[in-house]
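So the chains spell out like this:
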Amino acid sequence: MSTLAQKKGFGATIWDYLTTVDHKKIAILYLIAGGFFFLVGGLEAMFIRVQLAVPNNDFVSAGLYNEILTMHGTTMIFLAAMPLVFAFMNAIMPLQIGARDVAFPFLNSLGFWLFFFGGVFLNLSWFLGGAPDAGWTSYASLSLASEGHGIDFYVLGLQISGAGTLIGGINFLVTIINMRAPGMTYMRMPMFTWATFVTSALILFAFPPLTIGLFLMLFDRMFGANFFDPTMGGNTIIWEHFFWIFGHPEVYILILPAFGIFSEIFAIFSRKRLFGYSSMVFATVLIGFLGFMVWAHHMFTTGMGPIANAIFAVATMAIAVPTGIKIFNWLFTMWGGSIQFTTPMMYAVAFIPSFTMGGVTGVMLASAAQDYQYHDSYFVVAHFHYVIVGGVVFALLAGTHLYWPKMFGTMLNEKMGKWTFWLFLIGFHLTFFIQHFLGLWGMPRRIFTFNEGQGLDAANAVSTVGAFFMAVSTIILLINIIMTSIKNEKVGSDPWGDGRTLEWAIPSPPPFYNFKQLPLVRGLDALWIEKMEGKKGMTPAEPLGDIHMPNNSIIPFVMSSGLFVAAFGAMYHADEGNTWGIPVLIIGLLITLGSMLVRSVKDDHGYHIHKEELVDDDDKGVKA
Amino acid sequence: MKRLLKGRLSFIFLFAMLTLILSGCGEPFLSTLQPAGEVARTQYDLMLLSVVIMVGVIIVVTAIFLIVLFKFRRKDESIPKQVEGSHKLEIIWTVIPILLLLVLAVPTVKATFDLADVSPMEETNEDGKTDVTTVNVRANLYWWEFEYPNEEIITSQELVVPTDERVYFNLIASDVKHSFWIPAVGGKMDTNTDNVNKFWLSFDGDKAGEMEDNIFYGKCAELCGPSHALMDFKVRAIPRDQFDQWVGNMQSVTEPVAAESATAQQGQEIFNNSCIGCHAVTPANTTPEAARMAPNLTNFGDREHIIGYLENNEENIKKWLNDPESLKPGNKMTDTYGDLSDEEIDALTQYLTGLKVQD
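Line by line, the protein sequences give chains L and D. Per the numbering used here: the first sequence ends with 627, consecutive numbering throughout. Per the numbering used here: the second sequence ends with 381, consecutive numbering throughout.
Hint data in this document are derived by calculation from the structure and do not stem from the laboratory. We put the CB at the ideal spot given by N, CA and C, even for glycine.
To give a feel for the contact side, a few chain L residues facing chain D, derived at Cβ under 7 Å: (1) G66; (2) R276; (3) P309; (4) M320; (5) M337; (6) I342; (7) V363; (8) Q373; (9) Y375; (10) L443.
Calculated pairs, DSSO-like style, for lysine-lysine (alpha carbon to alpha carbon, straight line, at most 27 Å): (11) L:K490 x L:K11; (12) L:K538 x D:K103; (13) L:K539 x D:K97; (14) D:K97 x L:K421; (15) L:K418 x D:K93.
Please work from the sequences and hints to get the whole structure.
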C-alpha cells in the first residue's frame, strides 16, 4: 500500500479512484463529475436559447421546455457549480493550511459518491419517463400537480446529493479548525481557506432546511402526506420559505469560494499582498451571516405584507456594503502592484465589472417596491446570471487555469486559455446584458415561447447569438484540456512564479502525503515570506518522521449506491399495482446500513509511511 | 494589437448601449419603462433613483479599474511594496455605500407601504360592498377570471377597468400558483392557492387612450405548467362613464342571449349540449367558484383576443375549437367534448362571435 508513484493499469486506476480517500484524487473526481454536469447543463442552456431565438418557435415543445429549464437550473447549481467549487476546496484548502489530508478522508469519499449517485439518479429521469418540470425552485403547488415521476427524481436525487454536500461541509469545517500547520493562526489563513471555512459553515446551516423541505415533499408525493396541500390543511408557502432559507445562503455558498479564488489570483498576479486582509475576512463572515437574514426577498410578491417586505428589503441592501468592501479591496490590491495578465488574472479582472453589474441590479431587486416589476421577469434572469456566471463560473474557469498545474502537474495552454476567456466574456455579456431589458420590457421568465409584436424579438435573437460564443469557448477549453493532457509537460512547484501560499511550496502534483514535514508558518502568505528572505521553501516545523495515512475503501461507494437503489424503490412503490417498490427500498437501505455496520465494526487504523521511504523519495515533500 | 482589440470592443459595447437607449423602452402596452399608472410610475421613479445611484458607483469602480489596468501593468521584475491596507480608505468605502443605500432605502420603504395600502377595500358599506372598484382575480390553468363583487358580474381573459382611479384586487389561484402582472401598469402579485392576496393598481387614462383599443397586456409571471408562456390576459382600461356603461350592459344579460342567424342558432344548440357545463354565457356571479370551471363567455365577441393571446377572428376560433392542445398545451379543455365536424365548428364560431354586450 505504501509504495509511492507507480505505473498502473487502466482497471487498477479505476479501482484506485473508486476507493480513494485522498483529497487530491477526490478533487479530481469532483472536477470530472462537475465538469461533465456543467457540459450537460450547458447543452440544456443551448436548447433554451435556440428555442427562444425567434418568436413562436417549435424547436422544443412546451412541456419539454419546462423540463429543460428545470434541469438546466438544478444541474448547474447542484451538480456543476457546487461540485466544481468542492473540487477546488478539496484540492487546495488542505494544501493551503499545510495539512496532509482532510480531517475525515473516509467521509470525504462518501460525500463525493453521494453527490455523484444523486446527480446520476436525477439525470436518469431523462430516460425514465421525463425530467422534473417545476423549475429548480420546485414550488409546491406546481410540483405536487406535476404528473409522472419527474419531481420524484428531483426530490430523491437532491436528497442524496445534498447529504453528500452536507458531509463535505462538515468535513471542511473540522479540517480547518483542527488541522492547520504550526503557526497557521486563523488570521494567517489564505483568503480561499477563509472562504472555504465560511462556506462550509453556511452549508452546515443551509442544507438542513432543504433536507426537511425535500422530505416533506417526498412524503407528500410518495407516501400520501399533505404538508403542502392547502385543501387538507397544508400550506404551499411553507415550501417557499424552506426552499429560500436554503436557497439564498446557497448563492453565497457558491460565490464566497469564487471570491476566495479571485482573492488568491489578484494577490499572485499583482505580486502584492491582499489589500485589507482583515476587512476581507470580516466582510466574508458578514456576508455569510447576513446571507441567512434575507431569504424572503425572493418572495416579495408572495404577499407577505409591507412590514416583512420592508425589513427584508433593507436587510438585503445591507449585503451590498461588505460586498462593496471586497470589490474595493481587490481594486486596491492591484493598485500599485505589478499586474501580469495571465489567463486566471484576465478572468479576475473581467470579474470586477461583471460582478459589479450583478451587484447593482441586486440592490435594485432588493428594493421591494420596484422588485414587484422585476420579480420573475427576465431582469431577474439577467441578474442572477451576472452574479453566478460573472462571479462563480468566471472563478471556476479562472481556478481551472490557476490550479490545473497544481492538480495535474502541467500547465493549460495560455494562448487557448485567452481565446476561451475572450469568447466567454463577449458571449456572456451579449447573452445576458440584453436580458435586463427584456425583463423591463415585460418578458416573464420561464416562458417557452413568445408572440411576435411585443418588441421582444430582436433582443432574444441577440441573446441567443451570445450563447453560441460561450459554447464555442467551452469547446476550446475542452480541446485545451485534452491537448495539455496529451503533451503533459511537467512543471515545478510554483509554475506561476509568484505563488504566495503553502500549496505552491510543494511539488505539482503534490505527493499523496502532501508535506513530508509539516511547514512552519510565520505569517500571512507563508511562502512569500520565505521567498522574500531568499529561502527556497518552507522551514519544516517537525523532524522527519513516520506519516500516518488512511487506507482506501470501497465502502463509501457501496454505501451511496444503496441509497441510489432505495430511491428507485421509494419512487415507484406509489405507482398503481407496484409490488417491488417496498422490497427494493428495503434492500437499498439494507445495503447502506450494512456498509455502515461493516465500517463501524471493522477497525481500520490506516498505515504508516516510514521515515526511510520518505528519505528515498527526496525530491518530494517539503525541502528543508 | 490587444489594446486595439479592447478599444474596438468597448466601442461596440458603447454603440450597443446607445442603440438600446435610443430604441429601447419596449412596447407601450407591455413595458415597465413606459409607466401607465400610479404604481408603475412609483416603481419607475424608484428604478431611476437606483440607476442614478448605481451608475455613480459604477463610474467610481470603473475609473479605479481603468487606472489600475493601464498604470500598474508589469513593466519589470521588481517587487511592489506590500501594503497591508488603509483604515482611512476602508472607512470611506464602508460609510459612503451605507449613505447611498439609505438614500434608496427610505423611498423604498415608503413605496412598499404605499403600494400595500388596501384599506379602502376593507371598509364595507351597509350592503356588504365596498365604495371602491374591486376585482376578484382567480387564476386557473391557463385562464383568468375577473369577478366584480360590487357589480355582481363576471368576465374572463379581458379585464375591464375604469381609468384614473384606484382599482383594488383580490387575488387567488384555484389550481396551482400563478402571478398577476400588467407590466405597463404596475408590478405583480402572486395568486396563491392558500390565501387571498390584495393590492391595487391605477390605470392612466391618457396613456390608455394612446393604446390600440385601450388595451394593455397582462402576463402570468409564475411558472405554472406547459402553457405558462401562453397564459396572457388583456386589460381594457376605459373612462369611468364607459366602464359604467359596460357594467350596465353586462348586468342586463340575465338570460343567455339567443342567437340570431340560423347557423348561430345551430351553434347555440351545440354549445348548450357540449360547452355550457363549463362555460357560462351569463355574467351573474351566483354560481360557486368550483362550478366555474372555464372562462365566462358572456362578452366573448367583444374581446380583442381569444385564449388570452391570439387575435379574436374566426380563423383562430376555429383552430382553437378544432385542436385546443396545439394552441395551449396542457389546457383543461382538450378532450372534454367530442369530435366536432367542420360544420359544427363553423356554427359554434358564428354563435360565439355573436356573444356581445356592446355594439
